[in-house]
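J.: All chains should be modelled from the sequences, with the hints used to inform the complete structure.
Chains as they are written, first to last, in our numbering: chain A, 1 to 499; chain B, 1 to 673; chain C, 1 to 265.
Think of the hints as simulated: they come from the structure by calculation, not from any bench.
Among the hints, erroneous ones may be present.
[Said to hold, decoys possible] Simulated restraints on C-beta separations:
{"id": "1", "chain 1": "B", "residue 1": "Ser-595", "chain 2": "A", "residue 2": "Pro-340", "range": "20 to 26 Å"}
{"id": "2", "chain 1": "A", "residue 1": "Gly-335", "chain 2": "B", "residue 2": "Trp-562", "range": "48 to 54 Å"}
{"id": "3", "chain 1": "A", "residue 1": "Pro-340", "chain 2": "B", "residue 2": "Met-556", "range": "50 to 56 Å"}
[Said to hold, decoys possible] Example chain B residues on the side facing chain A (calculated, C-beta under 7 Å, incomplete):
{"id": "4", "residue": "Glu-360"}
{"id": "5", "residue": "Leu-546"}
{"id": "6", "residue": "Ser-549"}
{"id": "7", "residue": "Arg-552"}
{"id": "8", "residue": "Ser-566"}
{"id": "9", "residue": "Gly-571"}
{"id": "10", "residue": "Asp-573"}
{"id": "11", "residue": "Phe-578"}
{"id": "12", "residue": "Gly-579"}
{"id": "13", "residue": "His-586"}
{"id": "14", "residue": "Asn-590"}
{"id": "15", "residue": "Ser-603"}
{"id": "16", "residue": "Leu-609"}
{"id": "17", "residue": "His-610"}
{"id": "18", "residue": "Glu-611"}
{"id": "19", "residue": "Val-616"}
Note that the structure is a prediction, hence the values are computed from the model and not measured.
Glycine included, C-beta positions come from ideal geometry on N, C-alpha and C.
If you want the building blocks of each chain, they are given just below.
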Amino acid sequence: MTIQGDRLGEEAIDRSRFAEAVAHLSAGPNRFAGLFPSLRASGGVELRAVVATPGGYTSVVTELPPGDLAYPSVSVGLPAASWYEREIHDRYGIQPKGHPRLDPLVLPLLPEDPHPALGDWHSQVSPDPRALDAHASGEGLFTIPYGPVRSGVFEAVEYLVETFGEDIPRLRSRMYHKHRGIDWRFEDLTPDDGVLLAERVEGTASVAHAIAYCRGLEQLTGTEVPYEAEVVRLVHAELERVANHLDSMIRHSDGSYQAVANARLAVHKERLLRLRATLCGSRFGRNVVVPGGVSGPMRRPPDEARSELLRIAGGVSDDARAMMSTPSFLDRLRGAGVLPADLVAAHGAVGPVARGSGLGEDVRHARPYGAYPSSGFRPTPPHDQGDALARQQVRLAEMDESFRLAADGLAILAGCNEREWRRGPGAAADGTAISSVESPQGELLYVVEADGGRLARVKPRCAAFHNFALFPAAFRGDILTDFVFIEASFGLSIAGVAG
Amino acid sequence: MNAALLVAALGVWAAGACVDLAAGPSRFPARAATFGAGFAGAALVAALGVRTTLGSARTLHLGSSLGTGEAILRLDPLAGLFLTVAGMLGCAISACLVSWCRPDGRVTSRETGAGFLLLLAAVVVVLLAGDAYTFLFGWESLTGAFYVLSSVARRNGAQVRAGWATLVLGKVSGAALLIGFLLLAGAAHSFAFTTWSTVQGSTLHAAWWLLIVGFGVKVGLLPFQGWLPLGYPAAQGPVRAAMAGLAVNVGFYGLWRFLGVLGRPPVTLVVTVLVAGGLTALVGITFAAVQPRLPRLVAYSSVENAGIILVAYGVALAGSATGRPRLVAIGLLAATLQVLAHAFAKSVLFAGSAFFESGEGTDHLDDLVGVGYRYRWSAACFSLGCLTLGGLPPTIGFVSEWFVLEALMQEYRLHDLALRVGITVGGALVALTAGVAALCFIRVIGLSILRRPAPRPRPAAGAGVWGAGGLAILALPTLGLAAVAPLVIRYLADGLDPVVSGRLVDAARKSPWVLQPVYRSFSILSPSWMYVTLPIAVIAVAAAVLAASRGRVLRMRRVPAWRSASGGVSGPDHYTSFGYANILRHVLGNVLGSSREVVVVGSSDSERLHEASVEVRTSVVEPVETYLYRPIEAFVLWAGRQAQRIQSGRLDAYVAYMFLALVVLIAVVTARP
Amino acid sequence: MPWAARGLREGIVTTRYPRRPDDHGPDFVAAVTVADQPVEGASQGIAGLCPTGAISEGPPVAVDRGRCILCGHCVDARPEVFAYESSLGTARLHRRLLVTPPAHGDDDLEVRVAAELAARVRRFGRSLHIRHVDAGSDGSEEWEIAALTGPIYDVHRLGIFFTASPRHADVLLVTGAGAAGMAEPLQRTYHAMPEPRVVVAVGTDAISGGLVHPTYVTRGGVAGLLPVDVWVPGSPPSPFSILHGLLLAMGRLGGTRPLRARGRR
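T.: Okay, here's the thing in structure tokens:
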């Protein structure tokens, strides 16, 4: 089989016509997939809008001259671009003119503060906790700050729930607490060290990040990954997907006080993580994917691992079926957090969140990569109710398919004798590449820029970056007690969004 | 002696009213003198009440000195009982008014003082009336006083409307009573109440219905409750207490009085009273619980209490309709205890809140945050009133609510299915009401009175000596009456004797300090004993904790309340009083007709990002007002417009009308056989 | 009711750790150890193998587990020097004790800090309440901590509970590289806790920042923000390692004896 690279179309355009061009390009079957700045030595910024097309990705590029980092905002016609523009405003001081609400996203800086990515980062900035203005007004309105330290073991994020009791007319989120400046940290790493950092962008999706990063790098170096290595990557990626979907199920069952279901799903998840540990030594599939292939063979005989996997799959699907016929569970999910399809489309949401509203392609199907074209992968049938239940049904169907793909992959590996796990780079990495994979929460995009064999700039774009922006829209008609289900059904990874 | 007390009281009040009308409210001594006269007169009335309750009945014939025919004043124990309560409340509220009116600008019109004294006098006249004329004279005077007091501050359309609602429904009440009295007088050929016991048949039934409507309007029985939440808040400061805690009792007095006078009520009426009472209680407390403004909340709580009292009264009516005096005794005792609890608690709520509302310049619950720390005495007395109305031990509210529920549990003694269903429905509604009431008053105390305020300078005006004393007279009985509940019941037995045998009421005392619901071996309660055991239990637990921790509980490290480690938010970040009540808007949405609307006030671009500023508009719909009052109002206005057409202003038209009327009159006269 | 039967289906799945070793322990790579010191002169450039600078060339060659992210680059390149260790007990009571092989005087240090901690936590008795705070983790540590409450690790059997409010907590479990934005929330949480309180830094990121440090918003672990008592290395540490750290904090492992028994070289 052949490894299919993502073709990167590119068009340079004047900044005054940038917004118009991006909106034009994102129409029809295309989908806006990201807006990424890149610092130039001159002090100017190159702004790249990436659009997903049915066959791959294309991008529009514009130059912002030094000292005048402004351009007409893209978000006015394209809500999906809003968070990107807020982020580049925070970090580079770029002014998207006409942006409707340029609230801080990752760094709530005051105008006089230096912008970290431009200035001297050693003068460690302290994010200012000064509050955002309340968005809702009226009788009895108040704001519940929920997080960054809240009941349970969660990543740090603060939800500002504006409410007058029960109803949630407005909800905003602040995730700057967790901002780690991770894309800055990529700069100047060696490609081999870069994959270690990619694994830590979003720790629960380490494999997906490592694959996306390596695929970007492999495009630049023209490396062909051995088939067996692609199969190993597939197995680890699918096991990671199952673990994430199980985690989402656990949070649902916890929220609805299904104690037995919660315990049983936790046992399944732990067994799965242990299976992953026996395959590679890491419960999160780390140190497996490396540029050019994988680090080595599986540590456990694949057929043995396969039978263990099938045992886990049997238990999971049995319990999942039982949950989906437990009325007290379904009642909490049905009709909670409804996302209409047009909203999902406008925000370019991806993954199970979009598929629960009948939209959203699967990268494994739309732009197949690695071992997927030959795996017989079948995308899950869409659900169009758009509620938390639909998103959960999508996840359950995906879990079944992932179990099958992983088991097939292990069977292939068990039958392989001739093994080559890693190929060296064809050339020193140089230039810009865009790569994507289907992470557990949806399309994961990497923009990799390399210069003379070292990383110049790497920007991971997690699925949650698009989905999170849609989160406040899911609360129409829902009340405080629905929060836990809506949050769990979004499967948000804060580490990935905050960067 | 009694007559002297009465004349003295009325004289003092008349003098006070003259001072007020002559000197006006601009200077404090004149204001104080007016309310001081109220205090003195009320003290005399209280003395008169005690003497009358414990003495024997006396009748004073005044002849036609009032110019309304043969006027009779009757001083019997029932009147005495209500006079006692009215006297005590009058003293306390007058005292509060003396303190409250001290800062200039609170009392701005002459009508407040004179209206207040007119109200006191009208109440006494109604309570002592022995005939229909005198009764209606007092009743209409009271309606006039209410109108004056509720339209003192005619600052905007809503307040003018409040005054009119009070007047119109007061007139409905007066009209119902007038027609009822005329029916009875026509059948008995006398205007003296004592002669009406002989009336029977359909006249009696019609009269019963009319009287229930007439008195029901005054106390706020559904569907005539509409004026309370408008009229009470429109009055000023502690005057509201006089309307809601004091004057409302004449409505209950009327019900009690005619239960003793008239023959058996019709069963349909009894069932109606039970069910309507239960609905009144539920609607009242539900709307109270979601009110954002304190006076309206308290006013709706009056509606709720009227409902509970009427359900208990319904049990007494059921006893009367089926000839079971014990049932009458337990029903009436429960209702009277609830009247007592409500009278003191409601007065202290309105009188106490007057001080912190006026001091803070707002009556909005979300703005009255932390008044418990700045107006300690007013707020403490206010909170006791809340506990009483919430029916929590060890207050008299708990005792009265216990008796109401015990009375409702006697349902199994009846055989009439309609009555049994009526009592069961009433009981279920009262039980639901009790739950919502707890939520309602927790909201007031927890989210307004006791919530920690932002530091603010301490206001200069507290309750003052007179105010503090007045509030004490109102608040301490909520505890004291419970502590000596057996003695109270002994007194009530005397007072209720004209309606139902005092011996039966007194059967509620099982032994000197233990109570039972009149019937033997049903259940018992000893509120007095509670006053011994509760403190002992508290002390014992505290001592045990202290000992177990070896004194460590006293060494506390104080840190700020845990708030999710957030850096803070702009604007309010605590549960608001309004927000706390919002769950009721959801759960009881069908009763409240609640709706919410989120209006985008930001740009449409930002709304596409779900980040536009929005304004939330919430509303509740009063079913009675929407579906009954509004159509009637619309019809009356329409009829008025139709009537205007015939008033063309042309002289020949009027001459024609007169001619037509004359022809009709002659036709009627000549057509008589 | 069907769920009740379902719950009984598999019998007891809970680990016996710490009473006896767990069978699955060897599956997890918990640390890198120096198996054999290289011959004289062969340690040249050995520090450059590590992306986080955890290796010091010495002599003797040492690995700072507080910096090690378990990438295995050193084990792959110099298997004669470095080896994986799958011991369950990698938590330590002092930052210096994370360096392997131990230096002279480490044993005394260990005895001393253990005694100090034991004196402070005597009041905890047999139960421990935990508050977790994420100070910039990658999200995987949260999974591992959450796993502790599941049936397999079931820390409730050991008297360990997670609380919603730090005001009920004895132990603060901190993950992440110390993002600047979490500095203040972390302080607020810490000061909301009653005395005595114990801080456990969970994961290499929390100890030193790991690979995520340095950037313009990370503080190189949480030690600069809070006084850390127990250090749990790993990227992420397995639930066993975290549990080991908690047991250390409680003084449940009986002084220093079990530390020696875990086969440190």
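J.: For a quick check of understanding: which of the numbered hints are violated here, in increasing order?
T.: Failing hints, ascending: 2, 4, 5, 6, 7, 14.
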